[in-house]
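Keeping their order, the protein sequence lines are chains A and B. Quick note on our numbering: the first sequence kicks off at 1 and runs consecutively. Quick note on our numbering: the second sequence kicks off at 1 and runs consecutively.
Please note that a few of the clues may not be correct.
Keeping only pairs whose Cα atoms sit at most 20 Å apart, straight-line, the calculated EDC-like set for lysine to aspartate or glutamate is [stated by the list, open to error]: (1) A:K243 - A:E220; (2) A:K132 - B:E100; (3) A:K128 - A:D232; (4) A:K5 - B:E262; (5) A:K133 - B:E262; (6) A:K128 - B:E262; (7) A:K243 - A:D232; (8) A:K5 - B:D212; (9) A:K128 - A:D221; (10) A:K243 - A:D221.
Hints in this document: simulated from the structure, not taken from any laboratory.
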Amino acid sequence: MISGKYLLRRLGYSGASFFVCITITFFLLHLMPGDYITNYLLSLSNTIPQATVDQFRHQFGLDLPITDQYILYIVNILHGQWGYSYAYGQPVFSMITEKLSWSLIIVVPATVLGILIGIIIGAWSGWKSGGKKDLALFNIMIVIRAIPEFWWAIMAVLVFSFYLRWFPLGGFSSISVLSSGLSIPDLLYHAILPIALMTFFIATGNYYVMRNSMIAVIGEDYITTARAKGLDERSILWRHALKNALLPMVTITTFQCAAIIMGNVFIETVFSWPGIGFLTTEALNNRDLPLLEGIFLLDSLMTICAMLLADIFSSIIDPRIRMGNDE
Amino acid sequence: MSRRAILWVGIVVLFIYIVIAIAAPLIAPQGPNAITGKPLQPPDNNHPFGTNQVGQDIFSQLVFGTRITLLYGFFAAFLAVVISTSVGIVIGYYGGIIDEIVCRVIDVVMPIPMFVLLIVLTTFFSPGVVQVSLLMGLLSSIQGIRVMRSQVLAVARTNFVEGARAIGASDFRIMSRHILPNVSSLVMVKFVSSSQQLLLMGVGLSFIGMWDTTTVDWGTMIQNAYSQGGMALGLWWWILPPGIAVIGISVALGMIGYSFEEKFNPRVAVNRI
Numbered sequence: 001m002i003s004g005k006y007l008l009r010r011l012g013y014s015g016a017s018f019f020v021c022i023t024i025t026f027f028l029l030h031l032m033p034g035d036y037i038t039n040y041l042l043s044l045s046n047t048i049p050q051a052t053v054d055q056f057r058h059q060f061g062l063d064l065p066i067t068d069q070y071i072l073y074i075v076n077i078l079h080g081q082w083g084y085s086y087a088y089g090q091p092v093f094s095m096i097t098e099k100l101s102w103s104l105i106i107v108v109p110a111t112v113l114g115i116l117i118g119i120i121i122g123a124w125s126g127w128k129s130g131g132k133k134d135l136a137l138f139n140i141m142i143v144i145r146a147i148p149e150f151w152w153a154i155m156a157v158l159v160f161s162f163y164l165r166w167f168p169l170g171g172f173s174s175i176s177v178l179s180s181g182l183s184i185p186d187l188l189y190h191a192i193l194p195i196a197l198m199t200f201f202i203a204t205g206n207y208y209v210m211r212n213s214m215i216a217v218i219g220e221d222y223i224t225t226a227r228a229k230g231l232d233e234r235s236i237l238w239r240h241a242l243k244n245a246l247l248p249m250v251t252i253t254t255f256q257c258a259a260i261i262m263g264n265v266f267i268e269t270v271f272s273w274p275g276i277g278f279l280t281t282e283a284l285n286n287r288d289l290p291l292l293e294g295i296f297l298l299d300s301l302m303t304i305c306a307m308l309l310a311d312i313f314s315s316i317i318d319p320r321i322r323m324g325n326d327e
Numbered sequence: 001m002s003r004r005a006i007l008w009v010g011i012v013v014l015f016i017y018i019v020i021a022i023a024a025p026l027i028a029p030q031g032p033n034a035i036t037g038k039p040l041q042p043p044d045n046n047h048p049f050g051t052n053q054v055g056q057d058i059f060s061q062l063v064f065g066t067r068i069t070l071l072y073g074f075f076a077a078f079l080a081v082v083i084s085t086s087v088g089i090v091i092g093y094y095g096g097i098i099d100e101i102v103c104r105v106i107d108v109v110m111p112i113p114m115f116v117l118l119i120v121l122t123t124f125f126s127p128g129v130v131q132v133s134l135l136m137g138l139l140s141s142i143q144g145i146r147v148m149r150s151q152v153l154a155v156a157r158t159n160f161v162e163g164a165r166a167i168g169a170s171d172f173r174i175m176s177r178h179i180l181p182n183v184s185s186l187v188m189v190k191f192v193s194s195s196q197q198l199l200l201m202g203v204g205l206s207f208i209g210m211w212d213t214t215t216v217d218w219g220t221m222i223q224n225a226y227s228q229g230g231m232a233l234g235l236w237w238w239i240l241p242p243g244i245a246v247i248g249i250s251v252a253l254g255m256i257g258y259s260f261e262e263k264f265n266p267r268v269a270v271n272r273i
């Protein structure tokens, strides 16, 4: 079972990681050229009385010493006040959570399917490793991974939407939404191609890990022992090899579940799907630093939590795994 | 194909790209930003791949784009490998408190998602090719330090290092003349695989709009063709060439990396990150 000391140390590291992230965003916001308040006020009127500037600076806490501002910033972050977007003037946190459900529509089915397919193909390929079919599959996967994700997406749009006209060119709904409202079949019709592409990509990523893990496991002594006992291949695969080979997948799967929150920047951009990934691209194009920092903070929070959870899970499942003995 | 054939095909393709990048002004008929024709022309003798939405020659952009794309891929990978190798060798060789400090710092920095941090930092600094390469190199070196360190630990405990120390070799000499050659194969593998990864990452970043409009690389070209109507009008000669160029270099680097890895695998454990 997992020890309290290990858990405490692990929690400490995760906390430290998040504070590093907060510190980075705080200093970037402060080092940004130009005074936010002055810029903002100048857009409202040409001449600003000094008193107004002072009042605004006071209201936003900009007249405090930098250490107090830092503490205030951390308190605000922990309270869910993540600043305001430059381009939209809305609170960053609510903008991100608003886009969240759109990302989930694509990412949840794609992640579940992608993990399942990747594990199945990878396990099969690893089990047959060295064979002709395995090598062929492995080489195909190398080429697939060498091609950027957005290029696959563009090609899919070009072939399936432009030439074959099976799917729409992008977006999340047809123009008929204006008269008849958002309908689920219409939404699905728009979501199928992005979901399929993302599944494809997650599956190829998982394929590698699963294949490597399977190859490592079938070289172990206990597999030889199982063979020597005279067990048939099928039960060696299912009862001995697969269970152990799935262990590294715990970590990978946890990470992929964390990535759900962030959506997928490239696929959402190519398909103009209004999720968090698309929001990231828009924020980058508008050079909207506060919004990008909000996305970064959320992403790092999710990744850090996922890393923590993955470590705890895998040390519960496999007591050999402990921190610090990486020599 | 045998491993040797795969390696050679990869190297030849890479060599062709490098020649194109160096000889870009000789090959390209026009400058990458020069407006030399009517907008959206189909391919003809003057413009082998036609022109884009403002009348720039797509072929010239493609040729000049090779420079920038290769530059950030290789420069960032070089930086990442240099940093991770030197830090890895120093902490792996000396061990003790310096090793402990660096490892704990890596523990803290490791979970921070690199891609979004890169976007935030490039937005903050004005995104020039050199700055972005520096940032990519720095951020991705962090992962490499661990891999290098564990490899160095194994080498630093061997007899010949002990022997070198016994005859009075300085620490610097041991690190540069005895440890470095023994991890050089891992360094090579890391360099090839990270140049592939970072090249794709750079192209991805420029696809979602990292550069200003005057920097022409393949990612910008694809983004341009995609968002300015190349797709909606079905102008395949606009959108396909930059994509095929990316695929070519990426697959070539993948082939080189793959055959290196197989070659060195018996001696060096390579962690695919």
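Provide an ascending list of the numbers of those earlier hints which the structure does not satisfy.
Numbers 2, 4, 8 - these are the hints that the structure violates, sorted from lowest upward.
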